[in-house]
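> Full structure from sequences and hints, please.
Listed below are the residues making up each chain.
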Amino acid sequence: MINLKLNKLDVKAEQGWTILETAKYYGLEIPTLCYNEGLSTYGGCRLCLVEIGEGENTKLVSSCTYPVEEGLVVHTDTKRVLNARKMMIELMLSVAPNSKTIQDLASKFGVTQMRFEARNEECILCGLCVRMCAEQMDGKAIGFQNRGHKRKISTPFDVRSEECRLCGGCMYICPACQLRCHGPDPDSDVCNACLTMDPTCVDVYDELQCWMYDAGRCGTCVREEEPNKKDIQNADKK
Amino acid sequence: MKNTNKSKSLDQIKKIIKEQKQARKEDDKITLTVSSGTCGQARGSMEVIDSLKETIEQKQLEDKVRVKVTGCHGFCEAEPNIIFQPDNIFYQHVKPKHSKDIIEKTALNKEILDQLLYTDPSTNEKAKKDEDISFYTKQERLVLGDNVLIDPTDINDYFSIGGYNSLLKTLETLNPEQVINTVKSSGIRGRGGAGFPTGIKWEFTRKAKSDEKYIICNADEGDPGAYMDRSLMEGNPHRVLEGMIIGAYAIGANQGFIYIRDEYPLALKNITLAIQQAKEFGLLGQNILDTGFGLEINIVKGAGAFVCGEETALIASVEGKVGEPKQRPPFPAVKGLWKKPTNINNVETWGNIPLIIEKGADWYSQIGTKDSKGTKIFSLVGKINNTGLVEVPMGITLREIIFDIGGGIPEGKKFKAVQTGGPSGGCLPAEKLDLPIDYESLTEAGSIMGSGGMIVMDENTCMVDVAKYFLNFLRDESCGKCLSCREGTQRMWEIVNKITEGNGKKGDIELLEELAYAVKDASMCGLGQTAANPVLSTLRYFRDEYEAHVVDKKCPAGVCKDLIRYIIIEDKCTGCMACIKPCPEDAITGELKKVHTLDENKCIRCGACYEACKFDAIKIE
Chain A
1 MINLKLNKLD
11 VKAEQGWTIL
21 ETAKYYGLEI
31 PTLCYNEGLS
41 TYGGCRLCLV
51 EIGEGENTKL
61 VSSCTYPVEE
71 GLVVHTDTKR
81 VLNARKMMIE
91 LMLSVAPNSK
101 TIQDLASKFG
111 VTQMRFEARN
121 EECILCGLCV
131 RMCAEQMDGK
141 AIGFQNRGHK
151 RKISTPFDVR
161 SEECRLCGGC
171 MYICPACQLR
181 CHGPDPDSDV
191 CNACLTMDPT
201 CVDVYDELQC
211 WMYDAGRCGT
221 CVREEEPNKK
231 DIQNADKK
Chain B
1001 MKNTNKSKSL
1011 DQIKKIIKEQ
1021 KQARKEDDKI
1031 TLTVSSGTCG
1041 QARGSMEVID
1051 SLKETIEQKQ
1061 LEDKVRVKVT
1071 GCHGFCEAEP
1081 NIIFQPDNIF
1091 YQHVKPKHSK
1101 DIIEKTALNK
1111 EILDQLLYTD
1121 PSTNEKAKKD
1131 EDISFYTKQE
1141 RLVLGDNVLI
1151 DPTDINDYFS
1161 IGGYNSLLKT
1171 LETLNPEQVI
1181 NTVKSSGIRG
1191 RGGAGFPTGI
1201 KWEFTRKAKS
1211 DEKYIICNAD
1221 EGDPGAYMDR
1231 SLMEGNPHRV
1241 LEGMIIGAYA
1251 IGANQGFIYI
1261 RDEYPLALKN
1271 ITLAIQQAKE
1281 FGLLGQNILD
1291 TGFGLEINIV
1301 KGAGAFVCGE
1311 ETALIASVEG
1321 KVGEPKQRPP
1331 FPAVKGLWKK
1341 PTNINNVETW
1351 GNIPLIIEKG
1361 ADWYSQIGTK
1371 DSKGTKIFSL
1381 VGKINNTGLV
1391 EVPMGITLRE
1401 IIFDIGGGIP
1411 EGKKFKAVQT
1421 GGPSGGCLPA
1431 EKLDLPIDYE
1441 SLTEAGSIMG
1451 SGGMIVMDEN
1461 TCMVDVAKYF
1471 LNFLRDESCG
1481 KCLSCREGTQ
1491 RMWEIVNKIT
1501 EGNGKKGDIE
1511 LLEELAYAVK
1521 DASMCGLGQT
1531 AANPVLSTLR
1541 YFRDEYEAHV
1551 VDKKCPAGVC
1561 KDLIRYIIIE
1571 DKCTGCMACI
1581 KPCPEDAITG
1591 ELKKVHTLDE
1601 NKCIRCGACY
1611 EACKFDAIKI
1621 E
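Each protein sequence line maps, in turn, to chains A and B. Every letter in the first sequence is one number past the one before it in our numbering, and letter 187, counting from 1, is 187. When you read off a place in the second sequence, starting at 1, and then add 1000, the result is the number in our numbering.
No lab work stands behind these hints: they were computed from the structure. A few of these clues could be false.
[Stated by the list, open to error] Cβ-to-Cβ under 7 Å is the rule here; a few derived chain B residues that face chain A:
(1) Arg-1475
(2) Cys-1479
(3) Cys-1482
Ideal Cβ placement from N, Cα and C applies to all residues, glycine included.
And the structure:
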């Protein structure tokens, strides 16, 4: 067993686990997008960033690809992590604003603006389809082409591949092109519709079951809490 | 295993080295060494060599004078140049028509040809020998210096300057641990950019348990304006090989690779030849010099992806996969090429190893600063008088390199900034000129050591435009795996491009800065983590220029075409019509001896009129 510190807690992990797997085992949720349990890890979407190290020498790494080490110190929710993560979501959103998955992430993490020009490309190059095709469907019909800003996913030479059996695995797993967001105007906006809905947790307030990952992030329960405090104060005065 | 016919034993090689050294000492022929790296050849060194050889043949002077084709001498500005041995007379800008005089007058009668001497731009004095030239005096050419002495295609020439002596010393007297300790205590750090201590890296790989280990020489030099690795490979390939063999012996590797970009045909040719020659002499192969230690070195050609200079991407490329970085750990020293422990060093690092072994760690660690030891080769380019490769001890200031060695800025212009470390590096302003060059201080100032590119910029350079140039390079060269790097560089480029086009809005600079920090933080490999440096360093030191573009819609340096206009100053215009002809858009009209007019709607701001005007009657606003 490997000993490490996860958000100031001493935890143990199996040899070969990643930080993400360890966090999941301990019930700590880290958002992911290009990660899928059935596929090899990729580390491309940069959503699962965590901060490792202590003191001045800390750095951000993708928890889905980083193996646990003895004595590793991990923080999953520092300001640095959240800032970077928010920027990643904003970047993704500006590429594929129609994706419900990404709009939901934006809502969840309080990304309320899109400062880059929307491109509506519908592919965020997370590579899930490429790995799905190769690893689960044994197809290897699609892959990445080019690099940098010219990168795209396609079949070799952009022609219909004989390897493709039209199984649809790539579409099934795609976080961007299948589930469409039906918010007000996702093309040019961040819909944030989910933020305006009433969360279920307010009725039965439970810190451990917060649907915004950590208690108090969305603010609804805090709003609920305040009158209670006043009641208590009032009661004290009386 | 038995020796093949040709391969030699340790003692035989020792004898050969001794003989060759003696031969060099006794050599009474006058040698004309012609700098003929890729750059020299591009400036016509081959024609010079041909005509020199022809002249020697015509005059039947073969036993008195010889022409030696060497690698780059470093002083690009003076190419093609000739250095005479043993007198060290230095001739620059040599043309085939000079060859008769060079042979007859200088070589035979020691008569100096004044017109071929280098003239110092600041003192106007002529320099006779290479050591008199300010470009060379402050340098310490420990690694590059031998380029002048040897023919890179001849292993005997390398023997004659004591080449492979360090390898013999290693094999004979040192065990692997001792080699690693020597390298460790010499304090040398990786010359490829990140500056990781080489000895510690070697130790990691040595300690990793495996049946097979690999060493790799990273010659995928891709920074714009950087060419020191190329010059070392072209001019002294055996030195790199010697370093690699010593490293392999210390690490316990039996297979090595040289990952070299295919755009370096001459370096590729010379290193291939060097490997072949080393094999013939038994310096490479199954059983090196009968010691039982074996090393094979293969060449892998890179296909031109900048990111393949990154260790894990390079390994993927050698394996035949797409060159994309992977998460570290596991580090290559533990799980590298084909999941075996692998040690990767840069060309220049390998080139330093024979020196450390020969002169010892104590000697080496005296050069440089507390944490950065030895010398570093920089390619000094841009707006600088003496363009070239300079090798200087660590700790030298930027001012010394740019003004003493580099001879300052041409045409008396003002120094504005220097960009170090390639696209991932940063721009340092005049206030930082007295910064001692070492890994830490450069990083602190917002740049990096990088592989050693050094681009000097004068007052006519727009820093926003510079940031745009590097971002454009990076958005092309990012592998595209990480969202942060792929989208980040693209979006940063979009914002900067918008600013240079005069469409910058309030808030753009802040957004650019926020994005830059996120890209730096969130990316997986070194490319992405440093991709924001061009933006961050220019924002740090030249924020006012960004603001001028966004708020005033002006480009202070007069570079960004959408933000400038050319104006004819009526008082100065003599009506000479010189500007009318070069204008491609017929935007300037006028008659002889009458003030011309410039139609701004037609003007495409190419600057042709500005260049053509002899009376400074056209200004940029």
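> Failing hints, ascending?
none
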